[in-house]
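Engineer: Start from chain A and add chain B with the ligand according to the hints.
As they're listed, the protein sequences go chains A and B.
All letters in the first sequence, in the order written, are residues 0 to 161 by numbering that gives the first Met the number 0.
All letters in the second sequence, in the order written, are residues 0 to 349 by numbering that gives the first Met the number 0.
No false leads were mixed into what you were given.
Cut-off 25 Å, straight-line C-alpha distance, at most; resulting in silico cross-link-like pairs (DMTMM-like, lysine to aspartate or glutamate):
id: 1; chain 1: B; residue 1: Lys343; chain 2: A; residue 2: Glu69
id: 2; chain 1: B; residue 1: Lys192; chain 2: A; residue 2: Glu118
id: 3; chain 1: A; residue 1: Lys114; chain 2: B; residue 2: Glu109
id: 4; chain 1: A; residue 1: Lys107; chain 2: B; residue 2: Glu331
id: 5; chain 1: A; residue 1: Lys114; chain 2: B; residue 2: Glu324
id: 6; chain 1: B; residue 1: Lys192; chain 2: A; residue 2: Glu117
id: 7; chain 1: B; residue 1: Lys87; chain 2: A; residue 2: Glu117
Quick list of simulated restraints, FRET-style, between CB atoms:
id: 8; chain 1: A; residue 1: Ala67; chain 2: B; residue 2: Glu203; range: 46 to 54 Å
id: 9; chain 1: B; residue 1: Arg187; chain 2: A; residue 2: Asp66; range: 34 to 42 Å
id: 10; chain 1: A; residue 1: Gln42; chain 2: B; residue 2: Gly286; range: 51 to 59 Å
id: 11; chain 1: A; residue 1: Val2; chain 2: B; residue 2: Phe207; range: 45 to 53 Å
Hints were generated in silico from the structure; no laboratory data involved.
All of these numbers come straight from a predicted model, not from anything done at the bench.
Even for Gly, the Cβ is constructed at its ideal location relative to N, Cα and C.
For reference, the chains in residue letters:
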Amino acid sequence: MSVARFWRETPRRYNLGGSKCTTCGTVYFPPRSVCPECTSHRQSIEKMVPFQLSGDGEVLSYTVVHDAAEGFEMQVPYVVALVQTVEGPVLTGQVVNIEPDGVRIGLKVRATFRKLREEGKAGVIHYGYKFAPAEDPPVRPPAGRPAGVPVSEAPARDRAPA
Amino acid sequence: MEAGIVSYGAYVPRYRITPTEIGRVWGADGEGMGQGLNVHRKSVPAPDEDTITISTEALRTALVRGAIDPQQIGALYVGSESHPYAVKPTATVVAQAVGATPNLTAADFEFACKAGTAAIQTCLGLVGAGMIRYGVAIGTDTSQGAPGDALEYSASAGGAAFVVGRERVICRVLRTLSYTTDTPDFWRREGQKYPSHGGRFTGEPAYFRHVTECARRTMEASGTSPKDYRHVVFHQPNGKFPQRVGKQLGFSDDQMRYGLVTPYIGNTYSGAALIGLANVLDHAGPGERILMVGYGSGAGSDAFDLETTDELGRYDASFGRPVQEYLDQGVEISYAVYAKFRGKIHMGEA
Ligand SMILES: [Zn+2]
Numbered sequence: 000m001s002v003a004r005f006w007r008e009t010p011r012r013y014n015l016g017g018s019k020c021t022t023c024g025t026v027y028f029p030p031r032s033v034c035p036e037c038t039s040h041r042q043s044i045e046k047m048v049p050f051q052l053s054g055d056g057e058v059l060s061y062t063v064v065h066d067a068a069e070g071f072e073m074q075v076p077y078v079v080a081l082v083q084t085v086e087g088p089v090l091t092g093q094v095v096n097i098e099p100d101g102v103r104i105g106l107k108v109r110a111t112f113r114k115l116r117e118e119g120k121a122g123v124i125h126y127g128y129k130f131a132p133a134e135d136p137p138v139r140p141p142a143g144r145p146a147g148v149p150v151s152e153a154p155a156r157d158r159a160p161a
Numbered sequence: 000m001e002a003g004i005v006s007y008g009a010y011v012p013r014y015r016i017t018p019t020e021i022g023r024v025w026g027a028d029g030e031g032m033g034q035g036l037n038v039h040r041k042s043v044p045a046p047d048e049d050t051i052t053i054s055t056e057a058l059r060t061a062l063v064r065g066a067i068d069p070q071q072i073g074a075l076y077v078g079s080e081s082h083p084y085a086v087k088p089t090a091t092v093v094a095q096a097v098g099a100t101p102n103l104t105a106a107d108f109e110f111a112c113k114a115g116t117a118a119i120q121t122c123l124g125l126v127g128a129g130m131i132r133y134g135v136a137i138g139t140d141t142s143q144g145a146p147g148d149a150l151e152y153s154a155s156a157g158g159a160a161f162v163v164g165r166e167r168v169i170c171r172v173l174r175t176l177s178y179t180t181d182t183p184d185f186w187r188r189e190g191q192k193y194p195s196h197g198g199r200f201t202g203e204p205a206y207f208r209h210v211t212e213c214a215r216r217t218m219e220a221s222g223t224s225p226k227d228y229r230h231v232v233f234h235q236p237n238g239k240f241p242q243r244v245g246k247q248l249g250f251s252d253d254q255m256r257y258g259l260v261t262p263y264i265g266n267t268y269s270g271a272a273l274i275g276l277a278n279v280l281d282h283a284g285p286g287e288r289i290l291m292v293g294y295g296s297g298a299g300s301d302a303f304d305l306e307t308t309d310e311l312g313r314y315d316a317s318f319g320r321p322v323q324e325y326l327d328q329g330v331e332i333s334y335a336v337y338a339k340f341r342g343k344i345h346m347g348e349a
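Excised from the complex, chain A in its bound form (with noise of 0.2 Å):
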């Protein structure tokens, strides 16, 4: 993709940025500038107004992706789901932050923001919307002391040498 095609994107990718039909409530991602719901769509196109999505929704449908789109080979296996937002579009966007056997269907989600691809070392970087658990699943604590434990109170053998 073009960077100029993609900055031309920037505010639906970067922030979820849809249209709402004033006339019925509709809210479309990406934009439309006519309410295909609206029985007059001559009279909508003046009633379609920005409209920003909060990035909340939850897991329509999703797939676990083995075989690599180029440029996220370091990710595999990675999940590609239609999330189903708040506000009613459905959206397609790879979920982080969880391994592929956490996911599910109604899995409640939130937009995150991370890298999409890079043009090689030497190109532009594109950033835009994932989707990432809206409450991460439980995992075992990591090795070490816990954290808030102060340091008089950990076992001696974990206290750094003054």
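Structural biologist: Just chain B with the ligand, lined up with the frame of chain A:
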């Protein structure tokens, strides 16, 4: 009304690696290394995370928590030594991603690990002068140590964003004071992937002298002593330096309890002191005095004499994650996965 902190947010990537695992690969005593540094694990960014994405996540959290209209942000500065581009600002992408463009000034700050605290000082000036309504200061890094180098055991990723304003201030800035000299303790030349450091020189004449002098001069100017502060936050390149400098200055472990986060997430460089401050604010109540002293190699320290306000009691920090979750949680990965995520594996050219 004076300028102060009106909102904040922090973000730390979810992956973790232990010094033991790093040492296993290099035939070194990783566990001993971790204990010596007082670093039990460090955060690792996913392949699709960098200083821009981490800064954006931290700032989005801050804006939602403070119910701040991004269009009212008049200045946005990102302090880092790992900006994704050598030329093209991090700050413009972050500003666009939070909806703050186009009516604002934006720039990237660089001063090793204290670029974020320098950005806070700049925002305090602009807000205090009445030139802007809100100023945003972010400190974030995704720094790397050369494979096998001592820095590899601690260099991690994370960041925090602070919104400076005059209305609904949750933490007043009673004083800020800096101490700056030309000291060659740590550097990275243009085009070099990994930094160089002056070995033992990084300690006494650099970190300790600057942090100690800056803290002492700040307390002298404020007429305070360590016992006047409920919390203290130091720059923390490892878990050991801040403990030692705190003891030298006369602070107790209890005062350092919440401000010391590096043992659990590693050294986040420009993010380190700011994530520590975010953790302090997560745990603090109104009317608590805080001393924060940042440090950047090269070298300089910025100190902040802070006091939380009654407004902190009304502040809704429920959006986003408290720092404590980042300290407690995380997904451990092997050195092989770490090397893949950090681009240390040579893939060949297609
Ligand atoms: Zn309509």
